[in-house]
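These protein sequences, in sequence, are chains A and W.
Under UniProt numbering, the very last position in the first sequence is 146; numbers go up by exactly one each time.
Under UniProt numbering, the very last position in the second sequence is 146; numbers go up by exactly one each time.
These are calculated hints, taken from the structure and not from any lab test.
Be a bit skeptical, because a hint or two may be false.
Identical copies carry no separate label here, and so any pair may be met within one copy or between two of them.
Below, in silico cross-link-like pairs of lysine-lysine (BS3-like), each with a Cα-Cα straight-line distance of 25 Å or less [to be verified]:
{"id": "1", "residue 1": "15", "residue 2": "146"}
{"id": "2", "residue 1": "105", "residue 2": "146"}
{"id": "3", "residue 1": "146", "residue 2": "123"}
{"id": "4", "residue 1": "68", "residue 2": "123"}
{"id": "5", "residue 1": "146", "residue 2": "68"}
{"id": "6", "residue 1": "15", "residue 2": "105"}
{"id": "7", "residue 1": "68", "residue 2": "93"}
{"id": "8", "residue 1": "105", "residue 2": "68"}
{"id": "9", "residue 1": "15", "residue 2": "68"}
{"id": "10", "residue 1": "123", "residue 2": "105"}
{"id": "11", "residue 1": "68", "residue 2": "121"}
{"id": "12", "residue 1": "93", "residue 2": "123"}
{"id": "13", "residue 1": "121", "residue 2": "93"}
Note that the structure is a prediction, hence the values are computed from the model and not measured.
2 protein chains.
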Amino acid sequence: MTDEYFMQQALREAKLALEEGEVPIGAVVVVQNQIIGRGHNQVERLNDCTAHAEMIALTAAFNNLGSKYLVDATLYVSLEPCVMCAGALYWSKIGRIVYAAADDKNGYRSVTGQQSPFHPKTKVELGPYGEESLNLMRSFFVQRRK
Amino acid sequence: MTDEYFMQQALREAKLALEEGEVPIGAVVVVQNQIIGRGHNQVERLNDCTAHAEMIALTAAFNNLGSKYLVDATLYVSLEPCVMCAGALYWSKIGRIVYAAADDKNGYRSVTGQQSPFHPKTKVELGPYGEESLNLMRSFFVQRRK
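Next comes chain A alone, as it looks inside the complex (with noise of 0.2 Å):
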């Protein structure tokens, strides 16, 4: 098991989100070679919008796992966290974190800057597929565009 085949899954929820209308996020949380939350974004379908792939794979890990701590946790993200999730993901102290594209626009380092918002034992990467999960973004914005 591979950060490559962890990032296709979070890849294949950015699908998910695209196929619904979605900005195509995805995210899956990862402990121990097993995918115990997955999520993709859901703003539009819940008209909610902290409803983000993230922080729904983080509650779904929570509850999988019983704990509110995530410290043997990988996420892996098809696009850098926002600074709500990279909040939440402080809280979880979650162990790493994988992103396939930095976000300029809206990713979490556009308002933190140099300092990093994560827990300090926090291990945060780029990871693999980012062209991939650029097109998907690039994909939603012109079908939006239609």
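Since chain A is already given, all that's left is putting chain W on it; use the hints.
Using the frame of chain A, we list chain W on its own:
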């Protein structure tokens, strides 16, 4: 209907949290003098570190209005929002935020510094009953040390 009245309602929510053994933070969302969302911290009960008072009150307000934006709403919350909740408030485009007491440790300003994480049109104010809010927080930590 005054800021004092609505902040008392937020404190009432915070007291419910305290009775349930949760960190005592409460919030209400108000549109045209009507409370359209309420919430208190439920992190322990739900085993979910995203179950903050503000997130619960916001989701209730979105459901109530059938809208994912809250441009005409005010959030009253007993403590300065954390980064996660600040991010959620950004997405909601909420008109006004009033918090009773600053939180130098976990409040959003500890991460975002001088840069506002909110929508440019969102007004943010320190409101009434700061001492009452901090007294609730102190009660919680005294109770927990016993």
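Each hint, compared with the structure:
Taking the shortest alpha-carbon separations for residue 15 and residue 146, only the intra-copy value of 19 Å comes in at or below 25 Å, while the best inter-copy value is 50 Å. When the C-alpha separation of residue 105 and residue 146 is checked against a cutoff of 25 Å, the pair qualifies only within one copy, where the shortest distance is 23 Å, while the shortest distance between copies is 47 Å. Taking the shortest Cα distances, residue 146 and residue 123 never come within 25 Å of each other, neither inside one copy (40 Å) nor across copies (35 Å). With identical chains, the CA atoms of residue 68 and residue 123 are at most 25 Å apart within one copy only, with a shortest distance of 18 Å there and 32 Å across copies.
For a Cα distance limit of 25 Å, the shortest separation of residue 146 from residue 68 across copies, 23 Å, qualifies, whereas the shortest one inside one copy, 42 Å, does not. For the homomeric pair residue 15 and residue 105, the shortest alpha-carbon distance inside one copy (21 Å) is at most 25 Å, but the shortest distance between copies (39 Å) is not. In this assembly of identical chains, the alpha carbons of residue 68 and residue 93 lie at most 25 Å apart only when taken from the same copy (9 Å versus 28 Å across copies). Taking the shortest alpha-carbon separations for residue 105 and residue 68, only the inter-copy value of 20 Å comes in at or below 25 Å, while the best intra-copy value is 30 Å.
Taking the shortest Cα distances, residue 15 and residue 68 sit within 25 Å of each other only across copies (22 Å), while inside one copy they are farther apart (28 Å). Taking identical chains as interchangeable, the C-alpha atoms of residue 123 and residue 105 lie at most 25 Å apart whether they share a chain (22 Å) or sit on different chains (22 Å). In this assembly of identical chains, the alpha carbons of residue 68 and residue 121 lie at most 25 Å apart only when taken from the same copy (16 Å versus 34 Å across copies). Taking CA atoms no more than 25 Å apart as the test, residue 93 paired with residue 123 passes inside one copy only; the shortest distance there is 10 Å, against 31 Å between copies.
Taking the shortest alpha-carbon separations for residue 121 and residue 93, only the intra-copy value of 8 Å comes in at or below 25 Å, while the best inter-copy value is 32 Å.
Of the numbered hints given earlier, the model fails hint 3 alone.
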